[in-house]
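Novice: Read off the chains here:
Number of protein chains: 2
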Amino acid sequence: MRRTKKTKSPALERNLARMAFRAREASRVLASLSTKKKNEVLCAMGSALLEHMGAILEANKKDVARAAKKGLSKAFLERLTLNEKRVCEMAESLGEVSKLEDPVGAEIKTWSRPNGLLISKVRVPIGVILVIYESRPNVTSDCIGLCFKSGNAVILKGGSDAIGSNAAIFGILQKVVEREGIPADAINFVKTTDRRAVDMLLQMDQQINLVMPRGGEALIREVRDKSKIPVIKHYKGVCHIFVDKSADAAMAQKIVLNAKVQRPAVCNAVETLLVHQDIAGSFLPVMAEALQRAGVEIRGCRRTRQIVRGIGRATEADWYAEYLDLILSVKVVKDVREAIDHINRYGSSHSDAIVTQDQQNAELFLKDVDSACVYVNASTRFTDGYQFGLGAEIGISTDRLHARGPMGLEELTTYKYEIRGTGQIRE
Amino acid sequence: MRRTKKTKSPALERNLARMAFRAREASRVLASLSTKKKNEVLCAMGSALLEHMGAILEANKKDVARAAKKGLSKAFLERLTLNEKRVCEMAESLGEVSKLEDPVGAEIKTWSRPNGLLISKVRVPIGVILVIYESRPNVTSDCIGLCFKSGNAVILKGGSDAIGSNAAIFGILQKVVEREGIPADAINFVKTTDRRAVDMLLQMDQQINLVMPRGGEALIREVRDKSKIPVIKHYKGVCHIFVDKSADAAMAQKIVLNAKVQRPAVCNAVETLLVHQDIAGSFLPVMAEALQRAGVEIRGCRRTRQIVRGIGRATEADWYAEYLDLILSVKVVKDVREAIDHINRYGSSHSDAIVTQDQQNAELFLKDVDSACVYVNASTRFTDGYQFGLGAEIGISTDRLHARGPMGLEELTTYKYEIRGTGQIRE
Chain A
1 MRRTKKTKSP ALERNLARMA FRAREASRVL ASLSTKKKNE VLCAMGSALL
51 EHMGAILEAN KKDVARAAKK GLSKAFLERL TLNEKRVCEM AESLGEVSKL
101 EDPVGAEIKT WSRPNGLLIS KVRVPIGVIL VIYESRPNVT SDCIGLCFKS
151 GNAVILKGGS DAIGSNAAIF GILQKVVERE GIPADAINFV KTTDRRAVDM
201 LLQMDQQINL VMPRGGEALI REVRDKSKIP VIKHYKGVCH IFVDKSADAA
251 MAQKIVLNAK VQRPAVCNAV ETLLVHQDIA GSFLPVMAEA LQRAGVEIRG
301 CRRTRQIVRG IGRATEADWY AEYLDLILSV KVVKDVREAI DHINRYGSSH
351 SDAIVTQDQQ NAELFLKDVD SACVYVNAST RFTDGYQFGL GAEIGISTDR
401 LHARGPMGLE ELTTYKYEIR GTGQIRE
Chain B
1 MRRTKKTKSP ALERNLARMA FRAREASRVL ASLSTKKKNE VLCAMGSALL
51 EHMGAILEAN KKDVARAAKK GLSKAFLERL TLNEKRVCEM AESLGEVSKL
101 EDPVGAEIKT WSRPNGLLIS KVRVPIGVIL VIYESRPNVT SDCIGLCFKS
151 GNAVILKGGS DAIGSNAAIF GILQKVVERE GIPADAINFV KTTDRRAVDM
201 LLQMDQQINL VMPRGGEALI REVRDKSKIP VIKHYKGVCH IFVDKSADAA
251 MAQKIVLNAK VQRPAVCNAV ETLLVHQDIA GSFLPVMAEA LQRAGVEIRG
301 CRRTRQIVRG IGRATEADWY AEYLDLILSV KVVKDVREAI DHINRYGSSH
351 SDAIVTQDQQ NAELFLKDVD SACVYVNAST RFTDGYQFGL GAEIGISTDR
401 LHARGPMGLE ELTTYKYEIR GTGQIRE
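Quick note, the sequences are listed as chains A and B, same order.
Heads up, the first sequence is in UniProt numbering, so the first residue is 1 and it goes up one at a time.
Heads up, the second sequence is in UniProt numbering, so the first residue is 1 and it goes up one at a time.
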């Protein structure tokens, strides 16, 4: 999405507009497909991936070789690389989605009015969803599965380094869709690597109803700035754990360790530890030792550094930082109020936890911390569609509108009102 | 919001940023106010409007005189003008909102996980809402009331022609807020008429969570294009009624007349009538006569004009038109399928109705018409927060995300997850 000088390409724009228009048409067919039919197609998609394993791995090998030649990082290559196990997981995921409850058509609420009108609020698909993503090829099949089950047409725009793998996966799945008698335009893949394609798609608000950018913060901000279409996004996860005065120290230690080291590179890992001043002297030395044993670098506030010697200083920038690494910033706070204020000021409204035995402080923290997921006595690592029992996850929203926190199938729907009357008119 | 050459004004930007920041802070206080306290404040606000009736009317008189001098239209002046009755209605509205159920804190869903985590999805305020509106001064107090009750801080940017009236109403209500010990920044009013103010506010996505533009389509599109903040909007209402073959003709006639003439200038009035070909010959002459008697101009398709002589021709543009006037376009269609396709193609996803005695066609229409409100055997004029029983309405959304159709207090909230554990960590 770097800026290019040539910003016009009528042929490209025409092609994309046609794709978006057809996706819109197909979305109307998808919206009224039966659950049974959708589940059959999902299972057939899973089988097709396994059947064409060889073609997928071959296309992927070429992507990886090209990326390696370009000198892309080891972590990048790792994310890009597919193997038999990963393709099997992709196929399994599609099978899992087929087993989830279909949100479409569910009655959210029904009531009648004094004039006899019967009003039902009913779940319906959003329509056409554009997903913009980076290097992981499994996102291609995951998004197709979740959008298909929730009755949405999808337009996928993957990263150019994975284009061979993505195109292979997409091609296999689209053939299944066609074979099953569903419009092929129910799932769409942008085959060009022309960076202007995204800019053009983001203007097509007549056809596309939602944009979900997945990737680095810069990509997401650019999409947000350019889009005429509503965007649901997830910038970052600056998650906190506050260890209260009354905390069970062993529990607190276990939770903090889990939230920091079990998988440090993910958005629900903890980045800042806040400790009540009354227990800092006893809690922090033990906690710090355990963290350091696990390879964690600690950056402390002034008071933390008085208690734990030999650690680095946390600057203002550290309180805003999403390390995604074995680094933890630590701050001693006066009380639960200061902890809440710190979190609301520096946090990213993602996931934050209190460890406490004090019921009142627990409830205060739950109410006043303004985040998507607020925990009492549990690890922040549970913020996840599967862990929540949503069955699947298309992403985590740190936005406030439409969906907040883990987004499953239900969050890929909207609603409509069905109103049944017997000739009522407005007086 | 016309473009100006001087686009920078650091002082203005600083002032607005300060306002937005303070609104954000105040929103945290609002979020935890008790329902009782909020209701008391709302009632006090209503009383204050009545108490200061004279000041409001005086300020309004100056606005109206200035607008008249500028040569603004009679309809515009009518919308701008306040009188004792209108101020009483504003006060009553605040009292009504105090009686509505408080959505904040309501548990949407609670479930437990196999590991013992208890997950609750709980309603919370959205945060800070920016409302951009045009000439009606009652919007000032209506929006303050609804945002306050739903725990949101509000920033109001009204039209420059009503600035004296709006400032008077706002000043009176803010004094009540302060007197009741609530941060004054819970409600905010942009006093400048500098057109750059809106552009600046639309960039402040760190502080402002939602923008609701109310007014003409041009204003709304401009806000959407410039905003970094999510926008919920309502472009227009191109509403349809389809009279099916099996319709009760008397009921159909009554509904069409009501939807067209009861109040033609509103968004839920019908603009296009679709009639099944099998009954067009008998239904249309009677219907047309009734409409013409009520002063309605009919613009028909070819077949309509063969049946009803002496009417104008409906062009392609007519099918897209929101007349907001005593004009109706009429088209004869083959069947319910053609009616649905016409509505999904030309409609604005607002409100559409079928009149039929055929249960199967009714259900098909309800499912396949892709609009916020779909009616069977009732007038489209019921799309309204009060008529739906939501108690109040801050607007109608023709968007698909977050809120669709009439928006009441519940639609001014989002949710958070409160998760209660006993030391759970992720394995």
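Please note that the accuracy of each hint is not assured.
For identical chains, the list gives no copy identity; a pair is met inside one copy or between any two copies.
[Claimed, not checked] Mimicking DSS-like on lysine-lysine, the simulated pairs with C-alpha atoms at most 27 Å apart in a straight line are:
#1 Lys236 / Lys226
#2 Lys191 / Lys62
#3 Lys99 / Lys367
#4 Lys121 / Lys62
#5 Lys99 / Lys109
#6 Lys74 / Lys62
#7 Lys37 / Lys334
#8 Lys61 / Lys99
#9 Lys109 / Lys8
#10 Lys37 / Lys367
#11 Lys61 / Lys334
#12 Lys175 / Lys85
#13 Lys36 / Lys236
#14 Lys236 / Lys121
#15 Lys334 / Lys175
#16 Lys334 / Lys85
#17 Lys367 / Lys36
#18 Lys61 / Lys8
#19 Lys191 / Lys36
#20 Lys8 / Lys245
By construction, these hints were calculated from the structure, which means they are not laboratory data.
Novice: Does each hint hold? Answer for all of them.
Specialist: Checked hints:
1. Lys236 / Lys226: Intra 20 Å, inter 24 Å, cutoff 27 Å: intra and inter.
2. Lys191 / Lys62: within (16 Å within a copy, 61 Å between copies)
3. Lys99 / Lys367: Between. Shortest inter-copy distance 24 Å satisfies the 27 Å Cα cut-off; intra-copy 35 Å does not.
4. Lys121 / Lys62: neither (49 Å within a copy, 45 Å between copies)
5. Lys99 / Lys109: For Lys99 and Lys109, the Cα distance is within 27 Å both inside one copy (24 Å) and across copies (22 Å).
6. Lys74 / Lys62: So Lys74 and Lys62 pass the 27 Å test inside one copy only (16 Å; across, 70 Å).
7. Lys37 / Lys334: neither (58 Å within a copy, 29 Å between copies)
8. Lys61 / Lys99: neither (32 Å within a copy, 65 Å between copies)
9. Lys109 / Lys8: neither (47 Å within a copy, 49 Å between copies)
10. Lys37 / Lys367: Between copies only: 17 Å across, 43 Å inside.
11. Lys61 / Lys334: For Lys61 and Lys334, the Cα distance exceeds 27 Å both inside one copy (55 Å) and across copies (55 Å).
12. Lys175 / Lys85: Result: close within a single copy only, 23 Å intra versus 66 Å inter.
13. Lys36 / Lys236: Answer is neither; intra-copy 37 Å and inter-copy 37 Å both fail.
14. Lys236 / Lys121: Between copies only: 22 Å across chains, 33 Å inside a chain, cut-off 27 Å.
15. Lys334 / Lys175: neither (61 Å within a copy, 34 Å between copies)
16. Lys334 / Lys85: neither (50 Å within a copy, 54 Å between copies)
17. Lys367 / Lys36: So Lys367 and Lys36 pass the 27 Å test across copies only (18 Å; inside, 41 Å).
18. Lys61 / Lys8: Answer is neither; intra-copy 34 Å and inter-copy 52 Å both fail.
19. Lys191 / Lys36: neither (31 Å within a copy, 58 Å between copies)
20. Lys8 / Lys245: Intra 62 Å, inter 50 Å, cutoff 27 Å: neither.
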